[in-house]
Amino acid sequence: MPDKTAPMVKTNRNIMELILYSKPGCHLCEGLMEKLAQIDSLAIELEVRDITTNERWGAAYQYEIPVLVWRSPAGEITLPRLSPRAPVSQLEKLLQQYVNG
Numbered sequence: 003m004p005d006k007t008a009p010m011v012k013t014n015r016n017i018m019e020l021i022l023y024s025k026p027g028c029h030l031c032e033g034l035m036e037k038l039a040q041i042d043s044l045a046i047e048l049e050v051r052d053i054t055t056n057e058r059w060g061a062a063y064q065y066e067i068p069v070l071v072w073r074s075p076a077g078e079i080t081l082p083r084l085s086p087r088a089p090v091s092q093l094e095k096l097l098q099q100y101v102n103g
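Residues 3 to 103 (the working numbering) make up the sequence shown, in order.
What the hints contain is simulated information worked out from the structure, not anything from laboratory work. Given the structure is predicted, the values throughout are model-derived calculations rather than measurements. Errors might be hidden in some of the hints.
[Unchecked claim] Each computed SDA-like pair below joins lysine to any residue, with the alpha-carbon atoms no more than 25 Å apart:
{"hint": "1", "residue 1": "K37", "residue 2": "W72"}
{"hint": "2", "residue 1": "K37", "residue 2": "L81"}
{"hint": "3", "residue 1": "K37", "residue 2": "P89"}
[Said to hold, decoys possible] With beta-carbon atoms standing in for the labels, derived distance ranges:
{"hint": "4", "residue 1": "R83", "residue 2": "A61", "range": "26 to 32 Å"}
{"hint": "5", "residue 1": "A76", "residue 2": "E36", "range": "26 to 32 Å"}
{"hint": "6", "residue 1": "A76", "residue 2": "E32", "range": "14 to 20 Å"}
A virtual CB, placed ideally from N, CA and C, is assigned to each residue, including glycine.
With the sequences and hints as input, model every part of the structure.
Shown next, in the form of structure tokens:
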């Protein structure tokens, strides 16, 4: 899975820039990406980073993926990990809390 930026922008609102640390075959990562794509209340730009392509990412996240990071105005913030069973609405609420402060 090459590093890529997959725009999920749905409106002209302020864009929430997210980074997803992932690797090929990570089903939890794929599930999180699917949930992010279903969120309509936020304009999301998602950059997927394959931890197998960068030693630093691999060392930091090999046992943690999926890891979701928000590029906030104050810098990068690692977001709390939700259960893979968490509904889209719970993920949306978490992201809204960060965006709205």
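Which of the listed hints are broken here?
-> 4 and 6
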